[in-house]
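> Chains as they are written, first to last, in the working numbering: chain A, 23 to 325; chain B, 244 to 617.
Note that these hints are calculated values from the structure, not bench results.
Straight-line Cα separation of at most 27 angstroms, BS3-like style, residue types lysine-lysine; simulated pairs:
{"#": "1", "chain 1": "B", "residue 1": "LYS560", "chain 2": "B", "residue 2": "LYS570"}
{"#": "2", "chain 1": "B", "residue 1": "LYS307", "chain 2": "A", "residue 2": "LYS132"}
{"#": "3", "chain 1": "A", "residue 1": "LYS132", "chain 2": "B", "residue 2": "LYS305"}
{"#": "4", "chain 1": "B", "residue 1": "LYS498", "chain 2": "A", "residue 2": "LYS139"}
{"#": "5", "chain 1": "B", "residue 1": "LYS498", "chain 2": "A", "residue 2": "LYS132"}
{"#": "6", "chain 1": "A", "residue 1": "LYS157", "chain 2": "B", "residue 2": "LYS498"}
{"#": "7", "chain 1": "A", "residue 1": "LYS319", "chain 2": "A", "residue 2": "LYS203"}
{"#": "8", "chain 1": "B", "residue 1": "LYS523", "chain 2": "B", "residue 2": "LYS359"}
{"#": "9", "chain 1": "A", "residue 1": "LYS132", "chain 2": "B", "residue 2": "LYS552"}
{"#": "10", "chain 1": "B", "residue 1": "LYS587", "chain 2": "B", "residue 2": "LYS614"}
{"#": "11", "chain 1": "B", "residue 1": "LYS373", "chain 2": "B", "residue 2": "LYS359"}
Computed beta-carbon distance windows for the label pairs:
{"#": "12", "chain 1": "B", "residue 1": "ILE413", "chain 2": "A", "residue 2": "ILE296", "range": "24 to 30 angstroms"}
{"#": "13", "chain 1": "A", "residue 1": "THR173", "chain 2": "B", "residue 2": "ASP432", "range": "53 to 59 angstroms"}
{"#": "14", "chain 1": "A", "residue 1": "TRP280", "chain 2": "B", "residue 2": "GLU563", "range": "37 to 43 angstroms"}
{"#": "15", "chain 1": "B", "residue 1": "LYS575", "chain 2": "A", "residue 2": "TRP280", "range": "33 to 39 angstroms"}
{"#": "16", "chain 1": "B", "residue 1": "GLU334", "chain 2": "A", "residue 2": "GLY279", "range": "43 to 49 angstroms"}
Positions of the beta carbon are idealized from the N, C-alpha and C atoms, including for glycine.
Here's the letter readout for the chains.
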Amino acid sequence: MDALILTIIATSIPLLLAASGELIAEKSGVLNLGVEGMMLSGAVGAFGAVLWLGNPYFGIIAGAISGILMASVFSIFTINFMTNQVATGLGLTIFATGFSGLAGAPLVGKTIPSLPKIEVYLLSDIPLIGNIFFKQDLIAYISILLIILITFFLNSSKPGIVLRAVGDNHNNAHSIGYPVKKIRWLATCFGGMCAGLGGAYIPLLLTPHWSEGMTSGRGWIAIALVVFASWIPWRIIVGAFLFGGITIAQFVGQARGWPIPSQILSMMPYIATIIALTIISGRFSKNKSVVPESLGKPFVDVA
Amino acid sequence: MKKILILISIIIIGILAYLFNENKTETKISKDISTSTKVGFVYLTTPGDHGWTYAHELGKQKVKNHFGKKIITTIVENVPEGPDAIRVIRELAQQGNEIIFTTSFGYMEPTLKVAKEFPNVKFEHMTGYKRTPNLATGNIRFYEGRYVQGVVAGLMTKTNKIGYIGAYPISEVIMGINAFAQGLKSVNDKASISVIWANTWYDPVKEADAAKVHIAEGADILAQHTDSPAMLQIAEQNGVFGFGQSTDMSAFAPKSQLFASVNNWGPYYIEKIEALRNGKWNTGEAPDHWAGNKWGGFSTEMLELSEFKNMPEDVIKKAEEVMNEIKSGKLKIFAGPLIDNNGKEILPAGKEMDDGGLWGMNYYLQGVDGKIPG
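Sequences are here, hints too, so could you generate the full structure?
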């Protein structure tokens, strides 16, 4: 049982990280569809760094930086040149998929040491719980901490409220003197960092090799998770573990010969997202606060 | 500031466009073009997958070493199976390639369509079954390697549980599972195979997850019919054994890979290009529609096994013996009596399954648990 729960957690963390980053970016009004691309560059950056520098902890830093670099490319185009965010995001994914493949070509066929697990003193000896909660790796701890910090940041801190104001109405935020572009740049780069970390988790922990396109669409699921969570951070945890849990459940079902077709279970997370979308859009007409109002709209600085 | 940003962006885009362009198609022009044969290849992913496409790339390199300047090769990577493939194959035909190899099952319809448009160009499709006078097919008898895997698994397992990761429940994959089961049964009738379908050819994280689930459920030998080395890496981390897919993956799992079935496309490519250059290319004489024009296994060296490792001497001996018996034709993998895992007789004793029967497999043989989805 432990092993299965640990597998669920491990498979969910990349989604959790990428989705939390995207949530912040979207809260500031930036819809970045380049998550898949940023995850891939995080993965290749992390793998390359560990291969050259030897220590898996460098992979965390390199993954984050690669994600930020990709997010900066996106920011230059959408925030400074005011290009269409959807098109630019798609472009970023296509670009980063190819670029990571090119940059990663010399890395193919090599392996790296995995990120070590950190055992919390005494707590890790508790049966079941100790194994699951207190014997994780650094990125896993960071990802949970991140959700708590994001919740606090968005709800109870002044910069968080400013960020939401920028995302809800950039013109008003601008007219009372907030630096809309700067805030969006930072939010997008934060999103890139998280996506990079999420991507880095795959070669650093799940399968310690690099191969082209190894995130296999997890970036898109992360974007769907933000919607599923209706832009509320803790719900991302629910969504990510639901998704991971169902993936593992259908494998276990197959191995044990459960009578449910695996295809039905594979569909579940997507059905759940569609249901969440339907509920949100139903609520949307009455209460407009769920979706950031300026999401996806370019900010034109008239002054 | 803005101007500088624009300038920098343009420069970056320019450099990248150049790099990608060069990366994508590789054309070597030799001096006497008039006598060179132009050969086109269509790849599903990039050789960077270290699996299926990488094996084709190795085959292409053998072609280049063999013919040298007598041929010009053009490859197109990352071609999705669908309308895009039609465009790419047509383009290769228009560029004057005389023979075009399309290297994935999903290119069957696109290749067929373009083959009809260009009757003078020869097409070779792997691993389909549709043929026309200028469209031939090629395939490897992968299942021969699976039988050897089954034998080794049967001798090595302690828990008598084998975890198998399949991509999609199509006959090619089922054939492999059944061959594995036949090998397993020949040495160990207590062991059984549990199959998890990943519903993808390539998704390292999913493949790793499936491997973890198999291990958690008690499997101590893993086999895969998906493309990435993820399963073997998980096996390595958990101290169980596994088999590599398409290419030798021992670099990823030095302590866990028992051996890998290695796809060797080179001889097939060389034979077909040679035939074309001599004016002797044809779609072969396959009386059996399913047989393929070129469906080779151990005996044609299109299927090879990597070095046997991490197993005792006597197992290595047995594996080599079985491999040689398959090669010489002494050992028939699918010889009657064949009984499916519901107890129904598929083939009576004394008969051998023909190639058509292999391609029609939609049942598990004895030794496999569960039933095929769908």
